[in-house]
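Student: Each chain, letter by letter, is given below.
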Amino acid sequence: MRGNEGHMLELKGIWKNYNPGSVNELCLFRDFGLTVQDGEFVAVVGSNGSGKTSMLNIICGSIEVDRGQILVGGTDIVRQKDFLRQRRIGRVYQDPSRGTCPGMTILENMSIADNKGKPYNLGRGVNKAKAEHYRELLRPLNLNLEEKMDFKVGSLSGGQRQALALLMATMTPIDFLILDEHTAALDPKTAETIMELTDRVVREKKVTTIMVTHNLRHAVEYGNRLVMMHEGKVILDKAGEEKARLKTEEIMGIFNRISVECGN
Amino acid sequence: MKKKSLAAIMAMVLCTAILAGCGDGGKDGITVGISQFAVHGSLDNCREGFLAGLAEEGFVEGENLTVEYVNAQADTGTSAMTADNFVSKKVDMICAIATPTAMTAYNSTMNTEIPVIYTAVSDPVEAGLANADGTPVGNITGTSDALAVEAQLQMIREILPDAKKIGIIYTTSEANSISTVASYEEASPKYGFEIVTTGVTAMSEVPLAAADMATKVDCITNLTDNTVVSALQSVLEEANKANIPVFGSEVEQVRAGCVASMGLEYYELGRQTGKMAAMVLRGDAKASEMKFEVISEPSLYVNYAAAEKIGLELPAHYAEDAYQSFDEILVH
Amino acid sequence: MALLLSVLEQGMIYGILALGVYITYKILDFPDLTVDGSFPFGAALTVRLITMGMPPIVTLPAAFLGGALVGVCTGVIHVKMKVRDLLSGIIMMTGLYTVNLWVAGTGYVAIFNRETIFDNDAVNAFFPGAAGRLKTAVIILLITLGVKYLLDWYMGTKSGFLLRAVGDNDTIVTSLGVDKGLVKIVGLSIANGLVSLSGCIYAQQQRSFEISIGTGAVVIGLASVIMGTSLFKRVTLLRVTSSVVLGSVLYKGCVALAMFAGIDANAIKLITSVLFLVILVVSMDRRKGSLSQRRQHIT
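Protein chains in written order, with the working numbering: chain L, 1 to 264; chain D, 1001 to 1332; chain S, 2001 to 2299.
If you're looking for bench data, these hints aren't it; they were derived computationally from the structure.
Treat the hints loosely; a few may be bogus.
Said to hold, decoys possible - Okay, derived cross-link-like pairs now, BS3-like style, lysine-lysine, Cα gap no bigger than 27 angstroms in a straight line:
id, chain 1, residue 1, chain 2, residue 2
1, S, Lys-2082, L, Lys-81
2, L, Lys-152, S, Lys-2233
3, L, Lys-128, L, Lys-152
Please work from the sequences and hints to get the whole structure.
Tutor: Structure below.
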């Protein structure tokens, strides 16, 4: 599974300054680097302000870097526009309303997501023939969404929306799945359901995944690599066997130590 | 819930207001609908003159004549609807004051028998209401308030024997103004003048234009330009600073501080229109067969207070020749 | 009768404008003031083409395309030059004033004796005699319905879905690998195309062009959209587009009612604004309800 071909992601020498030249100047990344191998499922943890979400935004192109390279399979995409990069990226956000269109129905949402990568032309938006296929995709969620195809997504609960968002993000072939604390806004039970669903999708699609989470247990239980970030640096990076031997308590210990140093 | 009941109460108040206004006047006699484009001193004078002209011919408001008056507040949508409303009420005649209302009234009455009499339309030919020879294009006629350009130039030459440049500020969107500026430019060489013009698009631009103009010319003359007339006080202020006179185009402007004018008396224009209307109402003539009319003799108006302010001496015989003279400046 | 026809005619003409305002205000969430300029732009273009002797039917697509171009300009100013939405509209509205004067020639142009889409040999032959009174209303109805169905159709296409998505949640448009700025430009161009088309029909119904006809057009459009979408919200049989057109007819009806009842025209603007406020307050109540519902779902 490891190798240099395919869609290996490399962040090299990333510099990012917020509000340069003002009193609020904040240097987040100084020569930051991270390599994610093809097919890896990386869980990223870290305290607030450690740069986890900023790193995802940099990968997706939502924020620009001051310096550095983002290599995908060896090609630098640092100057590529966000929407062009996201053609090969699926992303699920913390806020369930960002991954779906609340004013459109489930069927319409799935149709629009299914068309990703193809032209959005004057063809019919909803492909009736595919409705059954979409129902099949929804059925394993056990959320009864397959019976609500014509419901506006805005009327669904947060968990239902997040499940749908995850499904929509992975409907088309993608190189990376980016999960940005996607269970943080949900109640514990729904969060577990969404995590299990995430794990299943990642295994089925074998897609390279980077998941930022606040839940240390999720970080330990899921994925095959764990990265801990602090003040814009990777301070812990365990993969494979090492990662498998990790215990939640251990991580908790390290995490608490850095938090105390920070004073929070 | 509170908000909803509040809204309901407001809606009820509104309905009551509408119903309260429902009482219609007597249906006997003759009904004339007056559609005036905007609230404007000279247009108001026009309307009063129109009613006076009708009264002189035996159509007296409140006795044998019902008058419905709507002011469109310078909104063409309202003016179109006003005309349709008059048509729907089957009035005996529509009197349209100013060009836009004349155009909408003509449009609304096109397939009806209702005649339209207009007034204060500077160029009925340009507005598509009359043919080049002055005959109407339909069941519509009236009076034009085209300015007496030559008489005005003659008067300015008399008051200012050495003047060379006359400034005119006008609104680029008012067709009236554009055609009058052209007349001025055509007639000015005969009296030894050069015309300097500045176009504006809004009232807010007038003070700057006036300040710039005042440094370049020997005097300023006004048109009946709605935008510039509305900002007359700022024109006067800049001219006074530069100590140059401003000439008006009708009595209201002279009253408000212009030195003199060889201009229209809108009340008279209205009266003349009223008499034309009476002929049509009596059945003596058809609107579709009457040429539009203009005021034949312009009248002289002078304001001595305004002349004194800039130390200008007016010819002695003006005291007698003036149709009306003012000894103070009246600012509304 | 004439007044009723007038209300229907004007209501439906402004209904097309309201559909344009609906796209920007409700779908794109973009308060587009360009409308005050693109409405007279369509009218100016129309009287120009007609005085040049073009067949009247040509004015309809020409006005739509002209307006669409205007919308693209607003979009480019907003998206590419990163000027705030309100300001982009103001810049375009101001600039269009001069453009409209250029296009039309002067501040007002009459086309009384010219052929229009309502008054030409073909139409007159089709509506002989007394039916002639209805021809304007019938033609406007046909055009408005045509525009409505076309818009309904477009909203159901993939491109239309993107337009709906960009106003709903523009993050997802980026996630779908599409430039959301481009989608906004497309939306603005369709909206202003419709507004300009409305101005084109208005000029032919009034047989004249006047430079100030655009003043307050955006307010009429907004009032119609808000009246239509909030009053007919419960009527599930109606599509939103129909509600918007009905809202516009209703708006013109209120103005006419006030006028017919003999209310001073000077008071009409105040009455309109009170009516507007009442409807806003009522519809706001509902929106608040749905907001709290949403919150319940999240927690």
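Student: Does each hint fit the structure? Answer for all of them.
Tutor: Right, here's what the structure says about each hint:
1. Lys-2082/S / Lys-81/L: Roughly 16 angstroms between the alpha carbons, so the hint for Lys-2082/S and Lys-81/L holds.
2. Lys-152/L / Lys-2233/S: holds, 15 angstroms
3. Lys-128/L / Lys-152/L: Answer holds: Lys-128/L to Lys-152/L is near 17 angstroms, not above 27 angstroms.
In summary, the structure agrees with every hint in the numbered list given earlier.
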